[in-house]
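Student: Sequence:
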Amino acid sequence: MMYKIVHRTTYKYKYPVSVGNHVACLKPRNLPNHQLAQSQLHIFPTPVTRSERVDFYGNTLCFFTIQEPHKELVVEAQSQVRLAGPAPQASENMIPWEEAARSLPSDHSPAGLEAFQFGFESPRIRVRPEFAAYARLSFTPRRPMPEALRDLTTRIFKDFHFDAKVTNVRTPPEEVFKKRRGVCQDFAHVQIACLRSLNLAARYVSGYLRTYPPPGKPRLIGADASHAWVSAYCPGSGWLDVDPTNNVVPSDGHVTLAWGRDYSDVSPLRGLVLGGGAHTLKVGVDMEPVEA
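If you're matching positions, the sequence shown starts at 1 in the numbering used here and goes up one per residue.
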């Protein structure tokens with residue numbers, strides 16, 4: 001399956017911005033079953049400087065500076081990604097989760113060393129006893145890692161309700177946990193907090209999710225979603241992806257953009273501006289299947 005993805009972000013400022021320095025994380029990753037065929041980033045006004053680099057986690061970042069006065073900033077990422085099918089699923093006959101947690105500090109393989117950093121607290125995620133207690137209802141003694149992970153995913157899906165009005169990008173997982181409401185970013189943060197509170201390694205994955213119109217209705221342009229889910233590490237088997245917002249294992253409807261410790265590592269667009277005052281933000285994503 002080949003997808004054409006258009007991710008358009010528009011900032012409108014009350015007053016002119018004289019200088020803006022920004023970082024965009026909008027280039028999908030290359031993975032074994034997930035190949036980036038094409039990627040372009042269009043920016044208006046045209047930046048005076050622009051450069052790319054790969055960050056510590058392997059994500060591609062674009063740095064750009066705008067030095068002309070402007071009351072609107074438009075950043076549009078256009079990508080084509082070929083999915084060869086869903087990633088291979090883990091066998092239920094994997095090691096118990098306690099062994100996964102216990103072996104992580106002594107796993108000196110390249111994969112283990114990479115995963116170890118995702119077992120600690122991060123800027124937006126703290127280890128808490130309440131997260132561990134909630135997770136232990138799924139992570140019972142000697143339960144296989146993938147089975148326990150999917151059970152926790154299902155419980156978050158059932159216990160938490162999608163509500164875009166009660167949280168924002170800065171809402172901590174502790175508050176989401178109390179309210180039992182939020183959006184995909186919040187549910188991913190809560191699940192990662194639960195896993196790290198059990199000494200397991202988990203990372204935040206950002207990307208896109210293909211949506212489907214109601215039967216008999218046309219597909220709406222821009223109605224697809226920027227999305228977030230979770231990836232947990234199991235020694236000897238690698239990373240296991242789960243989507244707590246939809247209670248699914250990500251498949252050929254999920255396109256991976258970037259990953260990091262939490263949202264702060266992979267926010268699609270961030271920066272500093274001089275001037276502007278109040279602003280409005282509009283984001284639209286269109287994910288269309290095309291012929292390869």
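It should be emphasised that the hints constitute simulated quantities derived from the structure, not laboratory data. We treat Cβ as the ideally placed atom computed from N, Cα and C, and that holds for glycine. Careful: at least some of the hints might be erroneous.
In silico SDA-like pairs for lysine to any residue, Cα to Cα no more than 25 Å straight-line [as the list claims (entries may be wrong)]:
1) Lys179 with His161
2) Lys165 with Val283
3) Lys158 with Ser226
4) Lys179 with Val248
5) Lys4 with Asn33
6) Lys282 with Glu147
7) Lys4 with Glu175
8) Lys282 with Leu41
9) Lys4 with Asn199
10) Lys71 with Ala84
11) Lys27 with Pro16
12) Lys282 with Arg270
13) Lys165 with Glu147
14) Lys71 with Gly275
15) Lys27 with Val6
16) Lys27 with Tyr15
17) Lys4 with Glu68
18) Lys165 with Tyr212
Beta-carbon label-pair distances, calculated as ranges [unchecked claim]:
19) Val54 with Ala84: 31 to 37 Å
20) Lys165 with Pro123: 41 to 47 Å
21) Asp151 with Tyr212: 25 to 31 Å
22) Glu174 with Ser237: 17 to 23 Å
Student: Could you run down the list of hints and mark each one as holding or not?
Tutor: To see whether the hints hold, each was checked on the structure:
1. Lys179 with His161: Holds, because 9 Å separates the two Cα atoms, which is no more than 25 Å.
2. Lys165 with Val283: holds (16 Å)
3. Lys158 with Ser226: holds (22 Å)
4. Lys179 with Val248: Roughly 23 Å separates the two Cα atoms, so the pair holds.
5. Lys4 with Asn33: holds (16 Å)
6. Lys282 with Glu147: Status violated; Cα separation ~39 Å.
7. Lys4 with Glu175: violated (36 Å)
8. Lys282 with Leu41: holds (17 Å)
9. Lys4 with Asn199: violated (38 Å)
10. Lys71 with Ala84: Measuring from Cα to Cα gives roughly 42 Å; hence the hint is violated.
11. Lys27 with Pro16: violated (28 Å)
12. Lys282 with Arg270: holds (14 Å)
13. Lys165 with Glu147: Violated: Lys165 and Glu147 sit about 32 Å apart, past 25 Å.
14. Lys71 with Gly275: holds (10 Å)
15. Lys27 with Val6: Cα-Cα ~11 Å, so holds.
16. Lys27 with Tyr15: Violated, at about 30 Å.
17. Lys4 with Glu68: At roughly 32 Å apart (the allowed maximum being 25 Å), Glu68 and Lys4 break the hint.
18. Lys165 with Tyr212: holds (23 Å)
19. Val54 with Ala84: 31 to 37 Å: With a Cβ separation near 23 Å, Val54 and Ala84 fall outside 31 to 37 Å, so the hint is violated.
20. Lys165 with Pro123: 41 to 47 Å: The hint (41 to 47 Å, Cβ to Cβ) is violated, given that Lys165 and Pro123 are roughly 24 Å apart.
21. Asp151 with Tyr212: 25 to 31 Å: holds (27 Å)
22. Glu174 with Ser237: 17 to 23 Å: violated (31 Å)
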